[in-house]
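Undergrad: Here's the letter readout for the chains.
2 protein chains.
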Amino acid sequence: MNRICELLGVRLPIIQAGMIWCSGWELASAVSNAGGLGILGAGSMYPEVLRDQIKKTQAATDRPFAVNVPLIYPSIEEHMASIVELGVPVVFTSAGNPKAWTDHLHAHGIRVVHVVSSVKFALKAQAAGVDAVVAEGFEAGGHNGREETTTLCLVPAVAEACSIPVIAAGGIHDGRTTLAAFALGAEAVQIGSRFVASHESSAHRAFKDAVVEAGEGSTRLSLKALTPVRLLENDFAHRVWTAEADHASPEQLAELLGRGRAKRGMFEGDLAEGELEIGQVASRLADLLPAADIVASIEREYRALSAGIHDPHFAWPE
Amino acid sequence: MNRICELLGVRLPIIQAGMIWCSGWELASAVSNAGGLGILGAGSMYPEVLRDQIKKTQAATDRPFAVNVPLIYPSIEEHMASIVELGVPVVFTSAGNPKAWTDHLHAHGIRVVHVVSSVKFALKAQAAGVDAVVAEGFEAGGHNGREETTTLCLVPAVAEACSIPVIAAGGIHDGRTTLAAFALGAEAVQIGSRFVASHESSAHRAFKDAVVEAGEGSTRLSLKALTPVRLLENDFAHRVWTAEADHASPEQLAELLGRGRAKRGMFEGDLAEGELEIGQVASRLADLLPAADIVASIEREYRALSAGIHDPHFAWPE
Numbered sequence: 001m002n003r004i005c006e007l008l009g010v011r012l013p014i015i016q017a018g019m020i021w022c023s024g025w026e027l028a029s030a031v032s033n034a035g036g037l038g039i040l041g042a043g044s045m046y047p048e049v050l051r052d053q054i055k056k057t058q059a060a061t062d063r064p065f066a067v068n069v070p071l072i073y074p075s076i077e078e079h080m081a082s083i084v085e086l087g088v089p090v091v092f093t094s095a096g097n098p099k100a101w102t103d104h105l106h107a108h109g110i111r112v113v114h115v116v117s118s119v120k121f122a123l124k125a126q127a128a129g130v131d132a133v134v135a136e137g138f139e140a141g142g143h144n145g146r147e148e149t150t151t152l153c154l155v156p157a158v159a160e161a162c163s164i165p166v167i168a169a170g171g172i173h174d175g176r177t178t179l180a181a182f183a184l185g186a187e188a189v190q191i192g193s194r195f196v197a198s199h200e201s202s203a204h205r206a207f208k209d210a211v212v213e214a215g216e217g218s219t220r221l222s223l224k225a226l227t228p229v230r231l232l233e234n235d236f237a238h239r240v241w242t243a244e245a246d247h248a249s250p251e252q253l254a255e256l257l258g259r260g261r262a263k264r265g266m267f268e269g270d271l272a273e274g275e276l277e278i279g280q281v282a283s284r285l286a287d288l289l290p291a292a293d294i295v296a297s298i299e300r301e302y303r304a305l306s307a308g309i310h311d312p313h314f315a316w317p318e
Numbered sequence: 001m002n003r004i005c006e007l008l009g010v011r012l013p014i015i016q017a018g019m020i021w022c023s024g025w026e027l028a029s030a031v032s033n034a035g036g037l038g039i040l041g042a043g044s045m046y047p048e049v050l051r052d053q054i055k056k057t058q059a060a061t062d063r064p065f066a067v068n069v070p071l072i073y074p075s076i077e078e079h080m081a082s083i084v085e086l087g088v089p090v091v092f093t094s095a096g097n098p099k100a101w102t103d104h105l106h107a108h109g110i111r112v113v114h115v116v117s118s119v120k121f122a123l124k125a126q127a128a129g130v131d132a133v134v135a136e137g138f139e140a141g142g143h144n145g146r147e148e149t150t151t152l153c154l155v156p157a158v159a160e161a162c163s164i165p166v167i168a169a170g171g172i173h174d175g176r177t178t179l180a181a182f183a184l185g186a187e188a189v190q191i192g193s194r195f196v197a198s199h200e201s202s203a204h205r206a207f208k209d210a211v212v213e214a215g216e217g218s219t220r221l222s223l224k225a226l227t228p229v230r231l232l233e234n235d236f237a238h239r240v241w242t243a244e245a246d247h248a249s250p251e252q253l254a255e256l257l258g259r260g261r262a263k264r265g266m267f268e269g270d271l272a273e274g275e276l277e278i279g280q281v282a283s284r285l286a287d288l289l290p291a292a293d294i295v296a297s298i299e300r301e302y303r304a305l306s307a308g309i310h311d312p313h314f315a316w317p318e
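Each protein sequence line maps, in turn, to chains F and S. In terms of our numbering, the first sequence opens at residue 1 and continues consecutively. In terms of our numbering, the second sequence opens at residue 1 and continues consecutively.
Among these hints, one or two may not hold up.
Repeated chains share a single entry, so a pair holds when one copy, or any two copies, can fit it.
[Said to hold, decoys possible] With a straight-line cut-off of 20 Å between C-alpha atoms, the simulated SDA-like cross-links for lysine to any residue are: (1) K120 x A286; (2) K263 x G215; (3) K120 x G96; (4) K224 x A243; (5) K263 x D52; (6) K55 x L221; (7) K120 x E233; (8) K208 x L226; (9) K120 x G217; (10) K124 x G215; (11) K99 x P317; (12) K224 x H247; (13) K208 x L288; (14) K120 x V212; (15) K99 x L71; (16) K55 x Q252; (17) K124 x A292; (18) K124 x E216; (19) K208 x A60; (20) K224 x R146; (21) K224 x W241; (22) K224 x A237; (23) K99 x H247; (24) K120 x R284; (25) K263 x W316; (26) K55 x E85; (27) K208 x V49; (28) K56 x E26; (29) K55 x D293.
The set of hints was computed from the structure by calculation and includes no laboratory data.
Chain F extracted, bound-state conformation (with noise of 0.2 Å):
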C-alpha cells in the first residue's frame, strides 16, 4: 500500500501544486475527482475568498482536497480557523515554521503535509509533526530554496533521512518524471507547471499560452536577495536579470517587484510586465490539456512504464 494514497484517502498519489492565481476551486476539484490531490493555493486568497474557494471545491466533489497555507500569510488565522470550520481534510503548509500549525491542525483531525528544500527542514518538519514532506527541487517554479539542491539530488537524501513519506516536486511532470521520482525513494509526486496549463487552471489564458511556448533555458532562479523565485524570462524578469547583474540592493530589487505583479501576470495575462512563475519543465509542455487528461496519461505512461521496466530498456546484459 503507497503510504500516501493511505495518508490522505486518494486513489493516486499524483498532487497537484497548491500555486498562487493558478490553483482555484475548478482545478482542485478536478484534479481530486480524477483520483489524485487537488490543492488550493490560499497565499492569493483573501481570507473570504479562500472560505468561497474551499465551499466551491466541497460542492464540485466528494472526495479529499487540500488547502496550501504559506506560514507567512499576513491574516492565517483566519485561513486556518476556515480550514477547521469548514472541514477541509488536508493542509500543506510552505515558508514558515511548521511546529506554528501542526498541533491545532492535527488537534481537528487535518493532516498536514510541509514543504522543504533540504534535509535539514525535511528533519524538522518532521520533529513538528507533520505526516508528510514535499521535497522541492531547484527546477520547480515559483519560490525556491536557496542551497539549490535539485530533485534527483534532494529526493533521495530526504527520503534517506526521514521515517515519513516523501513527495517529490520539481520537475515532474508525466509518467516518466514520476516512475524516476519513486526510484529515488518518493511515494508521490506534486506537479505544478504541469496543471498551470490545464484547462481548469486559473491562470489567465495568455499566461497558459506562454507557458506552452516556453523554449529550453527560458526560466531562472531570480530575485535570490530577496526570496529565490523561479520566472519565466519576459520583459520584466530581463529588468530584474539587468538589476541583479548591475548588482541592485535588496531595497532596488523589492522596488523593481512593487506589488501585485503576480496576480497581473499570472491572473491578468499581462506577459510583458506581470511577474510570471514557472518550472524548467515548462519547455517540455506542448498542449492545454484537460486536468483529468493530465491525470490519467501519468497513470497510464507510469503503470506501462513500471510495467515494462523488464524491457531491453532497463536489462542491463548480464
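Let chain F serve as the given structure and place chain S on it in line with the hints.
TA: Showing chain S alone in chain F's frame:
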C-alpha cells in the same frame, strides 16, 4: 540489448566521467576492469603525460576505455594524434564544436561521444555525427551549462529529441539515481563525484576527504561570468562568491582565479586556496571506496531496484 554497452563494448552502462586532476590510469583501468567504461581526463594533461597515461591504462586493462578531450584544449592536435596512434577505442569530447574532430576520429574507427547541457547542442552533436551524447545537468560538478537545466528536466528532453543514445550525468552516484536516469530515457550513466572519492582517483587525499565530509548546500555554480563551474565551498570559493556579490568584472574574476588553482586544490590538496570542483551529490557520499566496489554496488542496487519494481513501493493502487 543496451545500445551503449554495444557501442562501447562494455558489460555495464556505467561510465566514469573524465575529470581533470582526478581521473588518471589507475581509476580508468579500475573502472574498465570492473565492467564499466573508465575515462582518462586529458584536460589537465600535457601531451606527453596523456601518452604515458594511455600506455599505462592499456597495460592495466585489456577492456575498452576512453579519453575525455575538452575541444578548447590548446594542444589538441597532439592529444588526438596520440589517441589515434595508440589505438584508444573511444573519445568523449566536450566544451567545443563536435564537428571539429568527429569525422577524423571515425575514420580511425574511434567511437565519439559528446557532452551537452541542452537539447539545442545535443541536436548539433547528433548532426555532427557523434555516436552518443552525455546530457549533463546543473547539479554536476565542474564546468556546466548556462541554462542551469537539471538532469531531471534535461535527460528526457534530450532522449526525446535525439535518435542516438543518451548518457545521463549530474547527480548520479548509486543504483537508485541510475534507475531514475533510465526511467528518464537514458541508456547509461556517467558518474563523476562518486569516483573522485575512490581509492584509485588521482585526487589528493585531502580533497577526497573534503568531498566525503561535504554537507548539504556546500557546492555552488560559480564564475558564471567566465565559464560556469560548480565549486565546493572553501576560502577561495567564498572569495569568488563575495567578488560576484560585489559585482566583480569578468577580468577581475579571471585575475582572482589566476592559474593553476584546480591543480593546487584537487591534485595538491590545498583545501583553502585551491579550486575544488565537485557535484551536488558530494553531500550524499559517506566513504572512500575502491572503484570496483562502486561499480559493483551500483550494479547490485540497480538490479535489485528494477527487479523489485513490482514491490509495494512502486505499486499504485488499482
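Undergrad: It remains to establish, for every hint, whether it holds in the given structure.
TA: Hint check:
no.: 1; hint: K120 x A286; result: between (36 Å within a copy, 17 Å between copies)
no.: 2; hint: K263 x G215; result: neither (23 Å within a copy, 38 Å between copies)
no.: 3; hint: K120 x G96; result: within (14 Å within a copy, 39 Å between copies)
no.: 4; hint: K224 x A243; result: both (12 Å within a copy, 16 Å between copies)
no.: 5; hint: K263 x D52; result: within (19 Å within a copy, 63 Å between copies)
no.: 6; hint: K55 x L221; result: neither (35 Å within a copy, 46 Å between copies)
no.: 7; hint: K120 x E233; result: between (31 Å within a copy, 18 Å between copies)
no.: 8; hint: K208 x L226; result: neither (26 Å within a copy, 35 Å between copies)
no.: 9; hint: K120 x G217; result: between (29 Å within a copy, 10 Å between copies)
no.: 10; hint: K124 x G215; result: between (37 Å within a copy, 17 Å between copies)
no.: 11; hint: K99 x P317; result: neither (50 Å within a copy, 32 Å between copies)
no.: 12; hint: K224 x H247; result: both (12 Å within a copy, 15 Å between copies)
no.: 13; hint: K208 x L288; result: within (8 Å within a copy, 48 Å between copies)
no.: 14; hint: K120 x V212; result: between (35 Å within a copy, 18 Å between copies)
no.: 15; hint: K99 x L71; result: within (10 Å within a copy, 53 Å between copies)
no.: 16; hint: K55 x Q252; result: neither (40 Å within a copy, 59 Å between copies)
no.: 17; hint: K124 x A292; result: neither (35 Å within a copy, 37 Å between copies)
no.: 18; hint: K124 x E216; result: between (35 Å within a copy, 15 Å between copies)
no.: 19; hint: K208 x A60; result: neither (23 Å within a copy, 57 Å between copies)
no.: 20; hint: K224 x R146; result: both (7 Å within a copy, 17 Å between copies)
no.: 21; hint: K224 x W241; result: both (11 Å within a copy, 13 Å between copies)
no.: 22; hint: K224 x A237; result: both (13 Å within a copy, 18 Å between copies)
no.: 23; hint: K99 x H247; result: neither (36 Å within a copy, 39 Å between copies)
no.: 24; hint: K120 x R284; result: between (31 Å within a copy, 14 Å between copies)
no.: 25; hint: K263 x W316; result: neither (50 Å within a copy, 37 Å between copies)
no.: 26; hint: K55 x E85; result: within (11 Å within a copy, 76 Å between copies)
no.: 27; hint: K208 x V49; result: neither (23 Å within a copy, 55 Å between copies)
no.: 28; hint: K56 x E26; result: within (8 Å within a copy, 66 Å between copies)
no.: 29; hint: K55 x D293; result: neither (24 Å within a copy, 58 Å between copies)
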